Amino acid sequence: MYFSGTVTLLLLFNLILTGLLLFLYYKEGNSFAYESVEFISYKVRFGWLVRAIHYWSAVLLILSIAFHMFSMFFLRAYRKPREITWFTGALLLLLAVWFSYSGSVLPWNSKSLFMAQSSTEILKAAPLIGNTLADYLIGGNVITGQNLSFIYKVHILILPALFSFILYIHFSSIKRNGLFNPEIEYNSGDECKKKLPIYPNFSIRAFLLLIIVTDLLFILAVFSPVEIGIKADDMITAPQGTMPGWYFLFVLQLSKIIHLFAAEVNGKQIGITICICIGMVWFLAPLWDRISNKSKISTFQKYFGISVIILIFCLTIIACVADY
Amino acid sequence: MSESNMDSGKKTRRDFLNYIFSVGLFGWLGSVLYPLYSFVSSSKLKIDDISYINLGVNNEMEINSSKLFKINKKPAILIKTKDGELKALSAVCTHLQCTVQFNKEENALRCPCHFGKYDLSGKNVSGPPPNPLTQYEVFVKNDIILVRK
Ligand code: FES
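Protein sequence lines correspond, in order, to chains P and C.
For the first sequence, position 219 matches number 219 in my numbering, and the numbering has no gaps at all.
For the second sequence, position 12 matches number 336 in my numbering, and the numbering has no gaps at all.
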């Protein structure tokens with residue numbers, strides 16, 4: 001399982017690098033944000049490329065963290081003594097989504113603004129915490145030109161600081177317990193206890209992966225660059241049926257389905273509540289999965305994991321198809 | 325590269341592969357570093373160098389309508405005429421700098437302050453304005469209206 005973790009790190013590396021580059025030219029604020037992104041895309045040499053790579057690394061980063069987490073879930077790698085690694089990892093996924101969400105507002109074009117507004121609507125529907133959450137996420141009730149600079153500061157200062165801190169804990173707890181190796185854990189045969197030497201074996205693999213990951217990003221960036229769109233106007237509310245960020249599509253689809261069966265209830269509220277509950281159960285896996293701690297396989301754990309993945313996957317696909 | 329091969333001075337298959345891989349690696353490094361270098365060295369450019377302004381989707385703009393926007397911090401007006409032609413003019417009246425408006429009925433621009441009148445090419449037709457309005461170049465690309473500064 002070095003693989004998914006390493007890919008995640010490499011994407012993070014790409015993300016930080018392109019982020020720093022964009023930082024050189026991006027200007028915050030209502031009257032500069034859009035213009036500076038336009039400037040980056042049209043005037044700065046390879047600006048469009050850097051921007052597109054930043055975008056695509058973010059998308060792939062969330063996917064790879066999710067993949068990393070799913071595989072760790074099925075390997076039951078969260079068991080004692082690795083709870084901290086599991087908890088911090090899950091927090092990192094949430095932070096990555098927050099990163100992507102705040103980053104999507106920064107270009108200040110109408111499409112991304114509508115998308116972010118739609119995501120915010122979903123979050124605000126969460127019972128009890130919804131509005132407070134929105135306060136922390138966007139510095140107010142709705143996204144306007146005023147809190148654009150708040151979102152920017154969160155994106156470049158607060159989130160990176162939080163992310164690095166939690167990543168540090170994640171790594172130090174990995175270091176304390178050693179990398180999780182299913183062969184050692186489950187076969188307990190001595191012949192499996194060989195470790196992969198860092199140099200040259202691991203470094204060469206990592207370097208090859210870096211080449212592959214970077215090339216993939218280049219290909220995505222060249223063939224599917226990020227558009228600039230029309231400058232956002234925060235006085236206009238998002239038209240009906242605007243899609244939230246892709247990472248929230250399954251929540252939206254779930255609430256639509258609920259709405260279909262019970263028209264009188266608030267579909268969004270129930271949808272997000274269900275998702276939060278499932279998320280909590282998933283997150284707290286090390287606490288309830290006592291059976292696996294005794295090196296047995298818990299049936300509930302297995303079926304729960306499989307159904308969560310199928311649910312998210314199908315709902316996202318349905319949402320995409322329905323939009324199309 | 326074993327000793328014996330080095331001694332005999334022959335090129336082996338391994339040398340050849342090593343060579344190919346190093347060329348490939350350097351090529352790859354170059355293709356990554358060059359964009360990075362160009363990106364950073366663009367810092368001499370200034371943000372107002374963006375030479376045109378994006379005014380939205382052409383199809384979404386109604387015929388015989390207008391839209392105010394800013395060009396170099398001054399108001400300007402975009403007009404879609406009855407025939408669907410696009411015109412971009414400075415909206416600063418040449419008389420006393422009021423902002424001119426599009427008048428559908430007259431098919432002309434009117435200044436609300438002292439009723440100066442301009443035709444759609446910006447020419448001052450009647451009233452106090454002494455000079456015509458500056459025209460900007462408009463063009464449509466991928467159905468997006470762009471005005472050159
Ligand atoms: S300012 Fe426009 S007519 Fe006087």
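Just so you know, the hints here were simulated from the structure itself, not pulled from any lab data.
Fair warning: this is a prediction, and the values are worked out from it, not measured in the lab.
Any given hint could be a false lead.
[Claimed, not checked] Each computed EDC-like pair below joins lysine to aspartate or glutamate, with the alpha-carbon atoms no more than 20 angstroms apart:
(1) C:LYS411 to C:GLU430
(2) C:LYS397 to P:ASP233
(3) C:LYS394 to P:ASP289
(4) C:LYS391 to C:GLU461
(5) P:LYS111 to C:GLU461
(6) C:LYS391 to P:GLU28
(7) C:LYS473 to C:GLU409
(8) C:LYS473 to P:GLU264
(9) C:LYS397 to P:ASP323
We went through each hint and held it up to the structure:
1. C:LYS411 to C:GLU430: Cα-Cα ~16 angstroms, so holds.
2. C:LYS397 to P:ASP233: 17 angstroms, holds
3. C:LYS394 to P:ASP289: 61 angstroms, violated
4. C:LYS391 to C:GLU461: 15 angstroms, holds
5. P:LYS111 to C:GLU461: Answer violated: P:LYS111 to C:GLU461 is near 26 angstroms, above 20 angstroms.
6. C:LYS391 to P:GLU28: Since the Cα atoms of C:LYS391 and P:GLU28 sit roughly 26 angstroms apart, the hinted pair is violated (cutoff 20 angstroms).
7. C:LYS473 to C:GLU409: 19 angstroms, holds
8. C:LYS473 to P:GLU264: Violated - the C-alpha atoms of P:GLU264 and C:LYS473 are around 53 angstroms apart, more than 20 angstroms.
9. C:LYS397 to P:ASP323: The given pair, whose Cα atoms are some 39 angstroms apart, is violated under the 20 angstroms limit.
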